[in-house]
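Please build the complex by placing chain B on the supplied structure of chain A, with the hints as guidance.
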Amino acid sequence: MDKFTVHTGIAAPLRASNVDTDQIIPAEYLKRITRHGFEDGLFAAWRKDSSFILNQPAYANATVLIAGPDFGTGSSREHAVWALMDYGFKVVISSRFADIFRGNSGKQGLLTAVVDQDVVEKLWALVEANPETQVTVDLEKSQITAGDVTAKFEVDSYVRWRLLEGLDDVGLTMRHVDQIAEFEAKRPSFKPVTVS
Amino acid sequence: MKLGRTLAEKVWEDHVVRRADGEPDLLFIDLHLVHEVTSPQAFDGLRAAGRPVHRTDLTLATEDHNVPTMDILKPIADPVSRAQVDALRNNCAEFGVPIFSLGNAEQGIVHVVGPQLGLTQPGMTVVCGDSHTSTHGAFGALAFGIGTSEVEHVLATQTLPLKPFKTMAITINGALPADVTAKDLILTIIAKIGTGGGQGYVLEYRGDAIKALSMEARMTICNMSIEAGARAGMIAPDETTFEYIKGREHAPKGADWDAAVEYWSTLPSDADARYDAEVLIDASTLSPFVTWGTNPGQGVPLASVVPSPDDFDNETEKTAAAKALEYMGLTAGTPVKDIKIDTVFLGSCTNGRIEDLRAAAAIIKGHKIADGLRMMIVPGSVKVRLAAMSEGLDQIFIDAGAEWREAGCSMCLGMNPDKLVPGERSASTSNRNFEGRQGPGGRTHLVSPQVAAATALRGTLSSPADLEEKVG
Chain A
1 MDKFTVHTGI AAPLRASNVD TDQIIPAEYL KRITRHGFED GLFAAWRKDS SFILNQPAYA
61 NATVLIAGPD FGTGSSREHA VWALMDYGFK VVISSRFADI FRGNSGKQGL LTAVVDQDVV
121 EKLWALVEAN PETQVTVDLE KSQITAGDVT AKFEVDSYVR WRLLEGLDDV GLTMRHVDQI
181 AEFEAKRPSF KPVTVS
Chain B
1 MKLGRTLAEK VWEDHVVRRA DGEPDLLFID LHLVHEVTSP QAFDGLRAAG RPVHRTDLTL
61 ATEDHNVPTM DILKPIADPV SRAQVDALRN NCAEFGVPIF SLGNAEQGIV HVVGPQLGLT
121 QPGMTVVCGD SHTSTHGAFG ALAFGIGTSE VEHVLATQTL PLKPFKTMAI TINGALPADV
181 TAKDLILTII AKIGTGGGQG YVLEYRGDAI KALSMEARMT ICNMSIEAGA RAGMIAPDET
241 TFEYIKGREH APKGADWDAA VEYWSTLPSD ADARYDAEVL IDASTLSPFV TWGTNPGQGV
301 PLASVVPSPD DFDNETEKTA AAKALEYMGL TAGTPVKDIK IDTVFLGSCT NGRIEDLRAA
361 AAIIKGHKIA DGLRMMIVPG SVKVRLAAMS EGLDQIFIDA GAEWREAGCS MCLGMNPDKL
421 VPGERSASTS NRNFEGRQGP GGRTHLVSPQ VAAATALRGT LSSPADLEEK VG
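Protein chains in written order, with this note's numbering: chain A, 1 to 196; chain B, 1 to 472.
Just to be clear, a hint being listed does not mean it is correct.
[Stated by the list, open to error] As a list, the in silico BS3-like pairs of lysine-lysine whose alpha-carbon atoms are at most 25 Å apart: (1) K323/B to K48/A; (2) K166/B to K152/A; (3) K122/A to K246/B; (4) K253/B to K191/A; (5) K253/B to K122/A; (6) K152/A to K163/B; (7) K10/B to K186/A; (8) K141/A to K163/B; (9) K163/B to K3/A; (10) K163/B to K90/A; (11) K10/B to K163/B; (12) K323/B to K191/A; (13) K152/A to K141/A; (14) K191/A to K383/B; (15) K191/A to K10/B; (16) K186/A to K253/B; (17) K318/B to K186/A.
Because the hints were derived from the structure by calculation, they are not lab data.
If we strip away everything but chain A, and leave its shape as in the complex, we get (with noise of 0.2 Å):
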């Protein structure tokens, strides 16, 4: 995984709530078995409408996402993430994500920045009267700086620390096979298996 520390780029705005993994890539897509190559596939229904925000030649270049409420619902679909990264997004703004998304994101290096609903209605506002502002997303900060509009985001802490080192999970927790050993040791007996 690539270090995330600072961010700056182009913002697009999607003023919708409720965004759920069926919007973001729809399961036609998640037929394919590589992990790559998921852009086609983003917000694929939306996007034969020629209005919808990506469509826009001012925002066709976006690297950050600004969406509404409960962003990311539905589906455990681990492609929502790929299919964002792979359209070149590095960062979604929200007021609340739905939890495994927000999980899903912090695994592969997409920030999710939670901010309070009128933030996000004043980076709304700002990337809508001017596409070109610069978003800037700093990690480091937990700070966005946009135009006037400065705003701290949260972000989980360990999600964090891992997206500034660049960490990867399996690496980590494979720190700890024995203690995962003498768990297993005790494990009571009549806990299932599914071999016969």
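Just chain B now, kept in the frame of chain A:
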């Protein structure tokens, strides 16, 4: 004095492998269920790192999301679906993971298979790369959906680093009216707390109305916890739970059974346990409940009307309602029972179990489905299908003009041949009414099996009571 603990806290504590300041707890996972959609990239990750599956004996795979529900012994027609199913079979063979493939008597939807084998037991941690893993919480297990990176993590280590959840008690006092099902109850709860209401929480459903439910009804409730934003929902294990597990293939036997029951009996939340949030619902106020919009929180009683954006008090919900009405092709103020349905889907991990099929068959028996309407019956597993056939339920559905299909996720999610066409409207016993969920442009109303059956007969969203009025 030490404070009492909740069910969720007890299960959590019993699985902590490692705890360190400033880090998530490392939890041991008792059961990891795997399916074809969220696992191929996880197995690739293992391969790239040269890692084995740490505990193949705590891992089980089944094919469900992609599989057709007709002609299952022929090769899967869609080459992309076939490749994904083949990848699962190859990965399981390479890594030594047990798998129930299409055609196996144990194949079915992952969340139907685990409980019916007796693999899901109280006090366990259960994960799967599928958000409806919350289903298994009905047994008093801590069960939740994970992403593909976490699937890889569990395959490699049989553990997950996790931050503790908050706890929310949802207490349903009193008795449910006779025509109200577990599905109506959970749809009502989601409409009440919202699709984000459970975020960060484990929900614990409790109270007299929950205690009175069967295991299958409890699974319906816990299944849709994720639709309220909660990763997990739980119900305290009791005699109903023990009775359901006893004698199943993977249930503890002999002295192990006694030890297990003794442990399971310690799990219910202590009387002085504190929850971070509490919701109270009076069961007697409930009635059959269906969704009108494009998220599971957009629901109303079946006997009411389609709401107007003006009925909502904040701008976000007003906008969402207007957008949903447009997508659904509905006009505010229309009686819900006037909504005409094209397709009725009975199945899914929410309502694809034998009790669901029995409930629908009892209503349909001796009648024909409405002219021009399509009804698909998709059992949640091969075992459910065979049980239904041994009771003659298949013939009841076939005689009524419905399609009797093989087991799988089917029309719940539009990943296999069973899909809605644009503009087609369904009454579906599944769990998500998102835009395009059942096929691009499809319009979904989430309903109980009983409402699905009555709707199939009348052609408009209906309850069994409406049927009695008509038939006399």
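Hint check:
1. K323/B to K48/A: It holds: about 16 Å lies between the C-alpha atoms, which stays within 25 Å.
2. K166/B to K152/A: holds (24 Å)
3. K122/A to K246/B: violated (58 Å)
4. K253/B to K191/A: holds (11 Å)
5. K253/B to K122/A: Distance of about 62 Å is beyond 25 Å: violated.
6. K152/A to K163/B: holds (22 Å)
7. K10/B to K186/A: Status holds; Cα separation ~17 Å.
8. K141/A to K163/B: holds (22 Å)
9. K163/B to K3/A: The given pair, whose Cα atoms are some 22 Å apart, holds under the 25 Å limit.
10. K163/B to K90/A: Status holds; Cα separation ~24 Å.
11. K10/B to K163/B: holds (15 Å)
12. K323/B to K191/A: Roughly 48 Å between the alpha carbons, so the hint for K323/B and K191/A is violated.
13. K152/A to K141/A: holds (8 Å)
14. K191/A to K383/B: holds (23 Å)
15. K191/A to K10/B: holds (16 Å)
16. K186/A to K253/B: holds (19 Å)
17. K318/B to K186/A: Since the Cα atoms of K318/B and K186/A sit roughly 54 Å apart, the hinted pair is violated (cutoff 25 Å).
Consistency note: the structure conflicts with the earlier hints numbered 3, 5, 12, 17.
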